[in-house]
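Undergrad: Turn these sequences into a full structure, and let the hints guide you.
Number of protein chains: 4
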Amino acid sequence: MTAKYSVILSNVGSCSDRYVTGGYAEPFTISELFERVSHIPQVTGVELVGTWHVTDKNVKELKGHLERYGLKLASIIPDHFGQMKWKNGSFAAKDPAVRRDAVAHTKEMIDAAVELGGNLVSLWPGQDGYDYLFQADYIEERDWFGEGLKEVSGYRPDVRVALEYKPKEPRTHSYLSTAAMSILMAQETGADNVGVTIDFGHALNAYETPAESVALLKKYGNRLFHVHMNDNFRHWDDDMIVGSVHTIETLEFFYWLKRTGYDGWLSIDQYPYREDGLEAVREGVDAMEAFVRLVDSIPSGEIEALLKSGKSPEIAAYLRKLLLSPVR
Amino acid sequence: MTAKYSVILSNVGSCSDRYVTGGYAEPFTISELFERVSHIPQVTGVELVGTWHVTDKNVKELKGHLERYGLKLASIIPDHFGQMKWKNGSFAAKDPAVRRDAVAHTKEMIDAAVELGGNLVSLWPGQDGYDYLFQADYIEERDWFGEGLKEVSGYRPDVRVALEYKPKEPRTHSYLSTAAMSILMAQETGADNVGVTIDFGHALNAYETPAESVALLKKYGNRLFHVHMNDNFRHWDDDMIVGSVHTIETLEFFYWLKRTGYDGWLSIDQYPYREDGLEAVREGVDAMEAFVRLVDSIPSGEIEALLKSGKSPEIAAYLRKLLLSPVR
Amino acid sequence: MTAKYSVILSNVGSCSDRYVTGGYAEPFTISELFERVSHIPQVTGVELVGTWHVTDKNVKELKGHLERYGLKLASIIPDHFGQMKWKNGSFAAKDPAVRRDAVAHTKEMIDAAVELGGNLVSLWPGQDGYDYLFQADYIEERDWFGEGLKEVSGYRPDVRVALEYKPKEPRTHSYLSTAAMSILMAQETGADNVGVTIDFGHALNAYETPAESVALLKKYGNRLFHVHMNDNFRHWDDDMIVGSVHTIETLEFFYWLKRTGYDGWLSIDQYPYREDGLEAVREGVDAMEAFVRLVDSIPSGEIEALLKSGKSPEIAAYLRKLLLSPVR
Amino acid sequence: MTAKYSVILSNVGSCSDRYVTGGYAEPFTISELFERVSHIPQVTGVELVGTWHVTDKNVKELKGHLERYGLKLASIIPDHFGQMKWKNGSFAAKDPAVRRDAVAHTKEMIDAAVELGGNLVSLWPGQDGYDYLFQADYIEERDWFGEGLKEVSGYRPDVRVALEYKPKEPRTHSYLSTAAMSILMAQETGADNVGVTIDFGHALNAYETPAESVALLKKYGNRLFHVHMNDNFRHWDDDMIVGSVHTIETLEFFYWLKRTGYDGWLSIDQYPYREDGLEAVREGVDAMEAFVRLVDSIPSGEIEALLKSGKSPEIAAYLRKLLLSPVR
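Line by line, the protein sequences give chains A, C, W and H. The UniProt record's numbering numbers the first residue of the first sequence as 1 and each following residue consecutively. The UniProt record's numbering numbers the first residue of the second sequence as 1 and each following residue consecutively. The UniProt record's numbering numbers the first residue of the third sequence as 1 and each following residue consecutively. The UniProt record's numbering numbers the first residue of the fourth sequence as 1 and each following residue consecutively.
In short, the hints are calculated from the structure, not lab data. Do not rely on the hints blindly, as some may be mistaken.
Put simply, identical chains are the same to the list, so a pair is met inside one copy or across any two.
Said to hold, decoys possible - Cross-link-like lysine-lysine pairs, in silico, DSS-like; alpha carbons within 30 Å at most:
1) K60 with K321
2) K219 with K4
3) K4 with K311
4) K150 with K87
5) K4 with K321
Quick caveat, the model's predicted, so the values are computed rather than measured.
TA: So, in structure tokens, the structure goes:
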């Protein structure tokens, strides 16, 4: 399979959590982050986050960074989650001014993406949802969500809008929670340029099999637009290094990406709380490459035969031989 | 709200698990099960399970039982899960003969339902899915599933077909896993008589808020056709007595049933491993009735105001006053 | 039961997460936080956090705040989690200098607690554990942990040291993970002044029944020293308002606190991301009070009889009558 | 590492669940099960289950089977879970006659084990616990549990008694829930011949890292007596083929078994609902052997260095190179 590797820019930097709010390492400037990305040879694209990286003032500067390092814009992730003003939601916020703001910011980011040579924005409306029972009019708020999506998808039909689902965090319950929910929401817009971003770890959190999510998006309208890679222990979005926990799920995921002809970006989305961000991304990319090579090396038809037979002892034996060879 | 209470017939009997395969109590005959149901005054309907209760030979006998006790048929749940032959699936089985069998049995159960005065079958294709990674062609098998559903929904458009979703068990992963997935599958049939059964506990297992699932089905085509009630500890389908764990979730669920104008059956679906089945169902029904009364007693507009404000300390205070009064 | 209500000082303020690192609301000064606490009449104690609230320079100032508002020091929670330097652990860090630092800081906080009129420190070694497989020598690091605990518990035997367990976050796996693990670790110190803090939500995260955890600590050495109250949706430490999700678990918890003669503090530990912190704490305290009153109002022997019979339909009926009365 | 492979006899047969109570395949006789085991060359021991396989009448017959196939008795698992009479518990049952029965049966199984050349019984008190809140006097019932364990461990000090923990199923909450709880309970008996059985899948269900559980049992009294192998998707005891989901966790587990000098049995405990039991066990054993070989092939000190450094990008890179080689 052809593979295009990218990374969310902040991933090579430092990060915070609710206990160490000032960060687990010293922060980097945007220039430094670009420079760090350039040390990973396979990476040819970056994803930028609204507000954090992209403002209405710095698009030219960002263009300079991209050109200096020969990087493409993989996507912009508009900021619907990173400021106090979004605390009660963005597209589905109870306050209509906030909803308008969410739409306006998205349009700005669409324009910025085009200016930076991109054709994709990946929306992660992480603040849209609720924390408490009896806190939301689930129908009305979802209607608002749909209206907002419709408006941003209609803004520039040549730019693809990918919806990144996640069952929870930062809210205890997200509206855009699963792959199937994302398909429903994409269909609701009636627009062809609305698709889905699978974040591998979010799929695990939703008790999805990530490979099955790829298949689902293929089946229902060929809607897989973008991929975020990481790993976790299933219960939470730990955002760990690719392949560090789920060897077989990751392998099956890459197999289905190939099988369904996915040709978008494979983008790192890790949170290196205690690691050097650059080292963690480098390994994440090396891992993706190793999975791609492994998938490509499997003789045609062998996996196909397993899927068709469904005999689990044979499947397990096949994977055992594939993965567990003694060190020579 | 108007409330019609029913029970899955086997719920007043005994049940088994994988360790005590012979049952945690002595079995009851079908006659005895009907007689036991008749001791619960609020119950006016029963659900019957294919093979377990309904065969091609005993429809008349069942009709007699229904008439003797003045019970209505709430639904038939065709058997797509209870025999060795379904072990690798029903509508989505790799074996085309099994798939045909699943369709044929469903049609028989539709006919039986009509003969017994019913207009609803509730499908729980629990064996459709997979256990192992690399075990299934997720697209092909989902296509088969959709074809089967289309065929059974087209058989008698006057009979409603409700899809009961559940994320896992007996397979480690079910195809019909969540409310959103059920909507997608219902839409795929293109038929108006295909809707959804919410099993309260299955929704919890899927990390859904059951009340939100009611709203979701209202929003996307008014597809809530049937309700199964029970409770659990979120991680597994424990099938416990209604209201025994999730007080607030259950309250919110009944509130949204009322709010969306649900007028179908409220049917007990519990597994009384260590309880007397009749006592457990009696309490389950009493609990449903208590929730209905509580919802009906709340002054109009009070909950509405909470949903609109979304202020959680006020919501929590309201619920505290509603639920926690010292014993007089 | 007698009940002493306290609150972790920062709970009436604002808080951050990994996306909104600057906080979901404007920050408050320590003076302001104390003033805010004083508006909740039932609260007679506060818990202070090392570094965040207590430094080697401000103990006198804190004493002034306590005196001004007539508040007692419920405990100090030493800082083993809130600075970059703890990122790889505190008592169990691989770096011996960090381990020494963890011990030294704890001793300082013990001294500060005594100076502020307290006799309890509650340790939450949240950074002790690991994120990745193959990342830790589980025996050696646990040995270090035990040595550190031994040293701090021996420092002033008149001060109680409570261990607050939590299965994960901020690490994917914590060493001090469950109630049983805490007992093992307390026993390992050989000291009588080492006990346990139950955080209600952490117990839920560990799939413990919080009431059972109270019983367990009673049985194994009467080790329940302190209580942190909040609520969540079981899978994560959502730190929500007390009683907002788990009505029955919270009730049973207070029943067992009474039954086992717990006479320590009942302390709020909530994270009001989107709420006003003062309003959220006020409601949390009102909720604790409502549970205490409800438990106290239950006629003696009624619950006892349920526990002895174990008949779940009767238990469910009892709770239904206790909790679900229509609004008058 | 030296490795002794065994299997629970029923694993090569068929099994049931709560829906297909009659079994997913035709049952086998005990003779047939032994014969089937003999087809797996690496297997030199079997585990037998009380009632299912061992009665007071058939010990000689079992001896004949063992001798015929040159198999050793790895352990007997007394029946504390498989009959209606245990439905409310065994050692912790509210009914004192049932508690006496649990002790008496265990002693009989100890005698049978000795007669069959064994020196280990593995207790899985799966029915001891509770389903509902407010259903149990947690202190009294745990005291009964401890008394029963004390009695059976004192019966024949030359026979080892291993406690197999599991957080839930068949009860919603088990008393013997985690590795740490098992250590507490073993300590409570004051007996040296009480240790622990780690079931790999149960450890995953408890959000333990299985390798860490091995280390924990080493640290607290060298109490790892027995191992049951299988795999699952973390949330439930799916009892799948060894290594079919958790490649890295399984590898780390075998590494720590070697590191701590474990020299007991490695016993298959799978539930082949839809597989041929013999084929599934054969693959499970082949997988264990592959993990043992892989661990043995790793140059001494390499893993040690990773554990000491704790640097996750290096760890991930090491594992990537170990596991992901393109097919040649």
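Undergrad: Compare the structure with each hint and give your call.
TA: Results of checking the hints against the structure:
no. : hint          : in the structure
1   : K60 with K321 : neither (51 Å within a copy, 41 Å between copies)
2   : K219 with K4  : within (23 Å within a copy, 39 Å between copies)
3   : K4 with K311  : between (34 Å within a copy, 27 Å between copies)
4   : K150 with K87 : within (22 Å within a copy, 43 Å between copies)
5   : K4 with K321  : both (28 Å within a copy, 22 Å between copies)
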